[in-house]
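Novice: Okay, here's what each chain looks like letter by letter:
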Amino acid sequence: GAVVSQHPSRVICKSGTSVKIECRSLDFQATTMFWYRQFPKKSLMLMATSNEGSKATYEQGVEKDKFLINHASLTLSTLTVTSAHPEDSSFYICSANRGQDQETQYFGPGTRLLVL
Amino acid sequence: ELKVEQNPLFLSMQEGKNYTIYCNYSTTSDRLYWYRQDPGKSLESLFVLLSNGAVKQEGRLMASLDTKARLSTLHITAAVHDLSATYFCAVDMNFGNEKLTFGTGTRLTIIP
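First to last, the protein sequences are chains A and B.
Under our numbering, think of the first position of the first sequence as 1, with each following residue one higher.
Under our numbering, think of the first position of the second sequence as 1001, with each following residue one higher.
One chain only, chain B, in its complex shape (with noise of 0.2 Å):
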């Protein structure tokens, strides 16, 4: 059974400062997304990682993914308070038919 962990599960942060949330799975994988979720709504989707060591940015987050070591990393630099949501890493259960299992999700808030 695939599991997939997210570390930390809750994450206070000031503004201007950066950090990384872990993302680390149980079995092999090549396909990696990374979403975002605001309360009371649904998914968006951030990043969509495909390879090993692939690397994508778009704006203050960048995402990268080590499938040997079997993690995922979202790095968040100079955050801002607009960043404050839940983040969820999901991995493709099965080479490319789109069974998603969800990490279990890192609570960010940002503090001005």
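Here chain A stands alone, though its shape is the one from the complex (with noise of 0.2 Å):
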């Protein structure tokens, strides 16, 4: 099956400092990629839909200026956490649609970032 990967796994970051989280489709090409966040024990919330050359698309509520993204190429995207505080601590969790594949979502096996 298709697989997605994110690196790093785990992180720890002072407050204030920014946080790059990469996504990966290692075998096939994604144009499209959703970031999600998960609290403990909660379910998965949509952030946002990355776009292979075009500018990301937030969903209501999140603030595009504090998670950045970008999706470079057809195989990365990236969220960048700028000026991180403690309550952006969460597990991020990418996925990727393979186009040809319309059925499944493969998701990549999260990160979780503390902000101390």
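Please keep in mind that the hints were generated in silico from the structure rather than gathered at the bench.
Since no wrong hints were added, every one of them can be taken at face value.
Calculated pairs, DSS-like style, for lysine-lysine (alpha carbon to alpha carbon, straight line, at most 25 Å):
#  : chain 1 : residue 1 : chain 2 : residue 2
1  : A       : Lys42     : A       : Lys64
2  : A       : Lys20     : B       : Lys1099
3  : A       : Lys66     : A       : Lys42
4  : A       : Lys20     : B       : Lys1041
5  : A       : Lys41     : A       : Lys20
6  : A       : Lys41     : A       : Lys14
7  : A       : Lys55     : B       : Lys1099
8  : A       : Lys42     : B       : Lys1099
9  : B       : Lys1003   : A       : Lys64
10 : A       : Lys20     : A       : Lys66
11 : A       : Lys41     : B       : Lys1099
12 : A       : Lys66     : B       : Lys1099
13 : B       : Lys1068   : B       : Lys1003
14 : B       : Lys1041   : A       : Lys42
Hey, can you piece these two chains together into the complex? The hints should help.
Specialist: Structural data, given as structure tokens:
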């Protein structure tokens, strides 16, 4: 099956710093990727849709200047949490749609962010 | 706004028993997904249901979709401990553009 990777898997940072999370599709090209966040014992919330070669589409209530998304190639999307604060601590998960196989969205392993 | 609700939120059941998890959604959609999540892990795809009346089975799990009732079920047959996990349903919000709204999740614990 298709594989989506994320890096790093865990990151701890100080308040005020920026953190970049990478999402890669390893064996297929993804014109569209999605970024979700998940709080402990809660469901996943869609943050934004990342489109290759164009601006990301953010969901209502998600600050685009805080969560910068770049989809520079068909296999890589990055999420940068700028000026991180403790309330940004969460589990961030990306997913990718292979395009040919519209039926399944493939999820990355997730990145656990802890902001001190 | 699309809302997706699961019932129950928590479920403890004994090994060998059968049970059903329900997923209700509030607006029209013909594409529903079931995922499994183990603690600290990401999502594992279980089923994709693409049409009214769709039924899919894999091992002890069976999923069905009734688009008219806006209801999907995940049925567990003769539960085993390995099925302990959190199960999410997710609905495609916009007919194939893959933006998913996730259900609240059902935390399933199988007791020996």
